[in-house]
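Number of protein chains: 2
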Amino acid sequence: MSRLTIALDMMGGDHGPPVTVNAAVRAVTDSPNLQLLLCGDRPQLEEQLKNYSNYPEEALILVHTEQVVTMDDKPSSALRNKPRSSMRKALELVQSGEADACVSAGNTGALLAMAYYELKTLPGIDRPALISSVPAQNHKKVFLLDLGANVSCDSEILFQYAVMGSVMAEEVEGIAQPKVGLLNVGEEQIKGNDVVKHTGQILSSLPSLNYIGYIEGGDIFSNKADVVVTDGFVGNVALKACEGLGKFIISEVKRLSQKNLFTRLMARLSLPLLKKIYNRVNPDQYNGASLIGLRGIVVKSHGNASSDAFLYAIQEAVHEVDRQVPTKIKDKIERLLMERP
Amino acid sequence: MSRLTIALDMMGGDHGPPVTVNAAVRAVTDSPNLQLLLCGDRPQLEEQLKNYSNYPEEALILVHTEQVVTMDDKPSSALRNKPRSSMRKALELVQSGEADACVSAGNTGALLAMAYYELKTLPGIDRPALISSVPAQNHKKVFLLDLGANVSCDSEILFQYAVMGSVMAEEVEGIAQPKVGLLNVGEEQIKGNDVVKHTGQILSSLPSLNYIGYIEGGDIFSNKADVVVTDGFVGNVALKACEGLGKFIISEVKRLSQKNLFTRLMARLSLPLLKKIYNRVNPDQYNGASLIGLRGIVVKSHGNASSDAFLYAIQEAVHEVDRQVPTKIKDKIERLLMERP
Numbered sequence: 129m130s131r132l133t134i135a136l137d138m139m140g141g142d143h144g145p146p147v148t149v150n151a152a153v154r155a156v157t158d159s160p161n162l163q164l165l166l167c168g169d170r171p172q173l174e175e176q177l178k179n180y181s182n183y184p185e186e187a188l189i190l191v192h193t194e195q196v197v198t199m200d201d202k203p204s205s206a207l208r209n210k211p212r213s214s215m216r217k218a219l220e221l222v223q224s225g226e227a228d229a230c231v232s233a234g235n236t237g238a239l240l241a242m243a244y245y246e247l248k249t250l251p252g253i254d255r256p257a258l259i260s261s262v263p264a265q266n267h268k269k270v271f272l273l274d275l276g277a278n279v280s281c282d283s284e285i286l287f288q289y290a291v292m293g294s295v296m297a298e299e300v301e302g303i304a305q306p307k308v309g310l311l312n313v314g315e316e317q318i319k320g321n322d323v324v325k326h327t328g329q330i331l332s333s334l335p336s337l338n339y340i341g342y343i344e345g346g347d348i349f350s351n352k353a354d355v356v357v358t359d360g361f362v363g364n365v366a367l368k369a370c371e372g373l374g375k376f377i378i379s380e381v382k383r384l385s386q387k388n389l390f391t392r393l394m395a396r397l398s399l400p401l402l403k404k405i406y407n408r409v410n411p412d413q414y415n416g417a418s419l420i421g422l423r424g425i426v427v428k429s430h431g432n433a434s435s436d437a438f439l440y441a442i443q444e445a446v447h448e449v450d451r452q453v454p455t456k457i458k459d460k461i462e463r464l465l466m467e468r469p
Numbered sequence: 129m130s131r132l133t134i135a136l137d138m139m140g141g142d143h144g145p146p147v148t149v150n151a152a153v154r155a156v157t158d159s160p161n162l163q164l165l166l167c168g169d170r171p172q173l174e175e176q177l178k179n180y181s182n183y184p185e186e187a188l189i190l191v192h193t194e195q196v197v198t199m200d201d202k203p204s205s206a207l208r209n210k211p212r213s214s215m216r217k218a219l220e221l222v223q224s225g226e227a228d229a230c231v232s233a234g235n236t237g238a239l240l241a242m243a244y245y246e247l248k249t250l251p252g253i254d255r256p257a258l259i260s261s262v263p264a265q266n267h268k269k270v271f272l273l274d275l276g277a278n279v280s281c282d283s284e285i286l287f288q289y290a291v292m293g294s295v296m297a298e299e300v301e302g303i304a305q306p307k308v309g310l311l312n313v314g315e316e317q318i319k320g321n322d323v324v325k326h327t328g329q330i331l332s333s334l335p336s337l338n339y340i341g342y343i344e345g346g347d348i349f350s351n352k353a354d355v356v357v358t359d360g361f362v363g364n365v366a367l368k369a370c371e372g373l374g375k376f377i378i379s380e381v382k383r384l385s386q387k388n389l390f391t392r393l394m395a396r397l398s399l400p401l402l403k404k405i406y407n408r409v410n411p412d413q414y415n416g417a418s419l420i421g422l423r424g425i426v427v428k429s430h431g432n433a434s435s436d437a438f439l440y441a442i443q444e445a446v447h448e449v450d451r452q453v454p455t456k457i458k459d460k461i462e463r464l465l466m467e468r469p
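Residue numbers (the numbering used here), protein chains in the order written: chain A, 129 to 469; chain B, 129 to 469.
Certain hints may be false.
As the list claims (entries may be wrong) - Taking lysine-lysine and the BS3-like style, the derived pairs with C-alpha atoms no more than 30 Å apart in a straight line are: (1) K268/A - K248/B; (2) K458/B - K269/B; (3) K319/B - K319/A; (4) K460/B - K248/B; (5) K460/B - K387/A; (6) K403/A - K248/B; (7) K352/A - K403/B; (8) K375/B - K352/A; (9) K456/B - K352/B; (10) K382/B - K319/A; (11) K319/B - K387/A; (12) K268/A - K387/B; (13) K403/B - K403/A; (14) K248/A - K325/B; (15) K202/A - K325/A; (16) K382/A - K387/B; (17) K307/A - K269/A; (18) K307/A - K458/B; (19) K404/A - K458/B.
As the list claims (entries may be wrong) - Facing chain B, according to a computed beta carbon distance under 10 Å, are these residues of chain A, among others: (20) G320; (21) I340; (22) E344; (23) F349; (24) S350; (25) T358; (26) A369; (27) K375; (28) R383; (29) Q386; (30) L389; (31) G431; (32) N432; (33) D436; (34) E467.
Hints are computed from structural coordinates only; laboratory data are not their basis.
Source: prediction; values computed, not measured.
Virtual Cβ for every residue (Gly too), placed ideally from N, Cα, C.
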């Protein structure tokens, strides 16, 4: 097996090196074929590495960077003013071919802007998308995109998202002929706005895409579709609303639990179960999201990611490299563009 | 106190007369000043009424109608082909002034089309909206609109929604100077699409509106805003996604509960609590939604509404009549249009 190299933005996220170094050490300990390029402030990284022993030291290569993109940086300003940041360096290493993929827990908007600038989109793809999976009934996973990369999408962009989502479900989850649904306010043909209706017509015309038609918000968590396509505004709001509901339910359980001894017991017992389910529903936290449609692999871990979550994001990047996701997207979009009437 | 008259579409919804008659009987038993005009198939209504005694019979007036709008009827076809339906009659009674408001559990699309045609919009309002409240932290309620009446909205429509939502929160919930938030993908000024940005500019310019800026999907269930404004596509998807998540959580609790004796006990104990919370989050089921912006009051109960839910919808209609919601909307939109630069 050839060695696989992933560049990590070690300074991104709310926690920075204490979390990212821990995840990096565990990643190379688990995977002998993995090499990690740790982009960040060398003294801070060395300081953190002192806490670990018994790991393959040669698998971690420090790449010193001077700047840090903060969570408050505007995307345009980060792109202009932080050319020597750990985030930018990690992306440059992918662009130059020194790394096969990169992972960051930093500012999403800045990562999008820099990744788009550094890596460019694949042929046939106009805009990258942010994609993640949410759990669904019967142990299934459902891929949802776009989660906020593009707030205004025309039918061409939504068509490209459908293709990219289908490739992700097939390659990352191993689903043959993934069912692709288009998010809408109803299932009937006449429902929806013009962009959605037109997208539905395009998707229906493609024999190689398993398009199942419109699906409603209520069906995201069912196993009706393997891929749910929508624009970044709707996807972002829907996903965050669900996260908000999860938090609300947990706070309600806590509140109701204070009523009497019985409800207190009930809540004490049900909270771990609820948190377990809630963590599955919160993909940013748990799964990481992938930035797809680029000529390179970029995985975004949550800003508040724990070292478990950051480790998971590294593994996700490895998996996407193994499955050659960008090449598969390029091939599939080429094929489907030829099928279009 | 003068008598208050509400017209009911007795045939709408999945259950029809068995549920609607039960709710009607309970409503007039509880409220001596209430008169209900029961629009529907007279023989079926009389048959159901035989099951009840000890209620003020003179408060229930049967209005025979021949047609029924089904859940599958397309809005345009219902409007054209069902002029003698119970739904249409209930709306006509509001239009003619014979009823102060109407309630239906029938086909939402058909109700929207017929209500718009029969009642017309208030001066200053271009399109009616579907509004409902969801629970939020600290025992608050948050009004969310639009839930699907208009899938494409420009800034003028969103401005009108903000005004209408503000009036509903003030009159129905009794909140002074309700905080109005505009749903967006982030809280920063630069976020969002052009329609949302332009709407934000309009709302910021109005001294009489307590506009608090953008809010994210995750904050719908917090008590950050009393009113959350968005277009019908986003509102519909977000609300249904939350309902879907609620169902998913309940099914997961059931599934996990089968693992062993301890988890089974845990789930058994937590399910009633979860269902209680879930029912609060499912506004269609519990609260009913109101169709606002019209020259008359129309309350929509869920198609699958129980008699409790239909009774609640009748009480909601009574409340809106008491608070003269349409007049308040007309006054407020007039005042705010004058404030606009």
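Per-residue hint verdict: E467/A, partner chain B, C-beta under 10 Å: 28 Å, violated
Holds or violated: K202/A to K325/A, with C-alpha atoms at most 30 Å apart: 34 Å, violated
Hint status (Cβ of Q386/A to nearest Cβ of chain B, threshold 10 Å): With a closest approach of 13 Å, the Q386/A hint is violated.
Pair hint K456/B and K352/B, alpha-carbon separation not exceeding 30 Å: With Cα atoms ~24 Å apart, K456/B and K352/B stay inside 30 Å; holds.
A369/A as chain B interface residue, shortest Cβ-Cβ below 10 Å: OK, holds: A369/A within 10 Å of chain B, min 4 Å.
30 Å Cα cutoff - pair K382/A, K387/B: 24 Å, holds
Restraint outcome when I340/A is required to lie within 10 Å of chain B by C-beta distance: Cβ of I340/A sits 16 Å from chain B, so the hint is violated.
Given hint K403/A paired with K403/B - CA-CA distance at most 30 Å: With Cα atoms ~16 Å apart, K403/B and K403/A stay inside 30 Å; holds.
K307/A paired with K269/A [C-alpha distance capped at 30 Å]: OK: K307/A and K269/A at ~12 Å, within 30 Å.
Pairwise hint evaluation, K387/A against K319/B, where the allowed Cα distance is 30 Å at most: 42 Å, violated
Restraint satisfaction for T358/A [CB to CB of chain B, less than 10 Å]: Since chain B brings a Cβ to about 7 Å from T358/A, closer than 10 Å, the hint holds.
Restraint satisfaction for G431/A [CB to CB of chain B, less than 10 Å]: 13 Å, violated
Checked against the numbered hints above, the structure violates hints 1, 5, 6, 10, 11, 15, 18, 19, 21, 29, 30, 31, 32, 33, 34; every other hint is satisfied.
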